[in-house]
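A.B. asks: Note that the protein sequences, when read in sequence, are chains X and P. Read in order, the letters of the first sequence are residues 62 to 373 in this note's numbering. Read in order, the letters of the second sequence are residues 62 to 373 in this note's numbering.
Because the hints were derived from the structure by calculation, they are not lab data. Among the clues, some could well be false.
[As the list claims (entries may be wrong)] Distance condition first, Cα-Cα at most 25 angstroms in a straight line; then the derived PhoX-like pairs of lysine-lysine:
| hint | chain 1 | residue 1 | chain 2 | residue 2 |
| --- | --- | --- | --- | --- |
| 1 | X | K81 | P | K241 |
| 2 | X | K257 | P | K371 |
| 3 | P | K137 | P | K81 |
| 4 | X | K323 | P | K371 |
| 5 | X | K323 | X | K257 |
[What the hints assert, rightly or not] Among chain X residues calculated to face chain P with C-beta under 10 angstroms, some are:
| hint | residue |
| --- | --- |
| 6 | G267 |
| 7 | E354 |
| 8 | M362 |
All C-beta atoms in this analysis are idealised placements derived from N, C-alpha and C, irrespective of residue type, glycine included.
There are 2 protein chains.
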Amino acid sequence: MSILVVGSVALDSVETPFQKKDSALGGAASYFSTAASLYDEVNLVAVVGSDFPQEHLDFFRNRGINLSGLQVEEGKTFAWGGRYHMDMNHRDTLFTELGVFADFHPVVPESYHQSPLLFLANILPTLQMEVLEQVPRARLTVLDTMELWIMTARQELTEVIKRVDILLMSEEEVRQYTEKASILAGARQLLDMGLKYLVVKLGSYGALLFGADGTYFSAPAYPLEEVIDPTGAGDAFAGGLLGYLSTVQPGPDGAYTSDDMKRAVVHGNIIGSFVCRDFSINGLRELSIKDVEKRYNELVMYSHFDPHWKAL
Amino acid sequence: MSILVVGSVALDSVETPFQKKDSALGGAASYFSTAASLYDEVNLVAVVGSDFPQEHLDFFRNRGINLSGLQVEEGKTFAWGGRYHMDMNHRDTLFTELGVFADFHPVVPESYHQSPLLFLANILPTLQMEVLEQVPRARLTVLDTMELWIMTARQELTEVIKRVDILLMSEEEVRQYTEKASILAGARQLLDMGLKYLVVKLGSYGALLFGADGTYFSAPAYPLEEVIDPTGAGDAFAGGLLGYLSTVQPGPDGAYTSDDMKRAVVHGNIIGSFVCRDFSINGLRELSIKDVEKRYNELVMYSHFDPHWKAL
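Construct the entire structure; sequences and hints are all you get.
C.D. replies: Shown next as structure tokens:
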């Protein structure tokens, strides 16, 4: 199988209270592709400028990431700069230079059309809709977004949400979009728009899974002693989630069981945890499925308790 | 068996964005006692003023809470007023009138001395130390505290931490006391002071258990659609934790297994969730062990996933 992803490839400059890294490989689609390529073939649709380093293209190719859909345009690659606060849960954007990304319109090559899984990484909802119209038969469509689009393109975002199977949002984004203080009430409102599943990302607290079938699952975070750079953790989370699902045979109706969805969210948390251990996609470079298996088994130990009620 | 608790009994005035309740039964020891009395006999040490309503005394007695150690002094009962923000995770203190609590010195009656379990609710560390000196043979000692004492009585608090078995702290308190950004590093520092277990309360995200034996456990929160008033949730959490432990036979060395400690933390989360459904201790009034069992089984379903790694 293969996974189709459309999103940004960027050069990131990140400052933490302890370190600084300039012009490193970044962008949601880079994190996602690097993560998902651990599980399966990835078909990338994105744009970079003529300044984009050859070494990153080589890196993608070496991981089995197809670049037929990567447009290389005269000009500068999308550049983003951010600075993290002491608690690493908050950051300020220092600059955003769209470069060639400003005129980007995704084109899904014919050779990608058989990808059963589609991830719409965080870009303008109108561009996400352009992708959905190009691949109407994707078996599973997963959507990410951000505060900016909730604020500035709410109507367009709403149309995209109505067309996808799974939505990923942070807790703040759920509150902001639904205008509900309660995450449970907000989740119900989102599921009522036609989603099969909603995944609420809680950062260092893990993630919640809500299903239209009534599924509720609280996935533990993998505990980290040290966070070097959390940039891309949410995109890598999505890569782990879709990566795992790409290895699973869905039911005859194309649906994944809630047990598979739970496992997928756990994979997402684990892959997200590896990203935080280094700048850029470096935390994923040397990662093997054996490393994921180790953290999976640890998470079972860290979060399971006696399933049998003990009479008092 | 029985559980000894020393702490505040107060009259609370609470405002939320939606409702307001004046002079209701409050105070850490009230919440703790009401919660723990669901499991076992409770021996209460506290002080109230001559204005303390008879109905609350009757309520305590009806729940099997012994009041031999409750001092009734001429004057006003400790009164506290607070206002919650829209997200219910933050509150402002509007007033604190110590009343008879200002001159309180805990006296543990002889009849309480056989209590194997001791909970030192959140009061001045010097008063907590007075209690430890009166009951040096308690089998299990559990300590709660707050930001105020970390700021103003750090040395005294440190002495108490060194003498107890289990410490309860919020995530912010761990960071504040240890001056470590990482909860894992902070937890290690606290365990190194001689604790058997540290429980880090994460509010609506559940709780973490750290053991000197290497135990690490992330307990899921019980998901709540609506929070009416979170006051006392942490004290009720402690009541569920010690309440459950009081029903368990520890090993010959007096130690509880990590499986029992995990179950105890889950009980704490469940009891804390019930408090939030109403003002004051009202969410616990009609509670039965059957209700706790129902949420326990739900939490198993909400947080457990396939314990067996699936080869990819």
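A.B. asks: Could you tell me which of the numbered hints above are not met by this structure, giving the numbers in increasing order?
C.D. replies: The structure conflicts with no hint, since it agrees with every one listed earlier.
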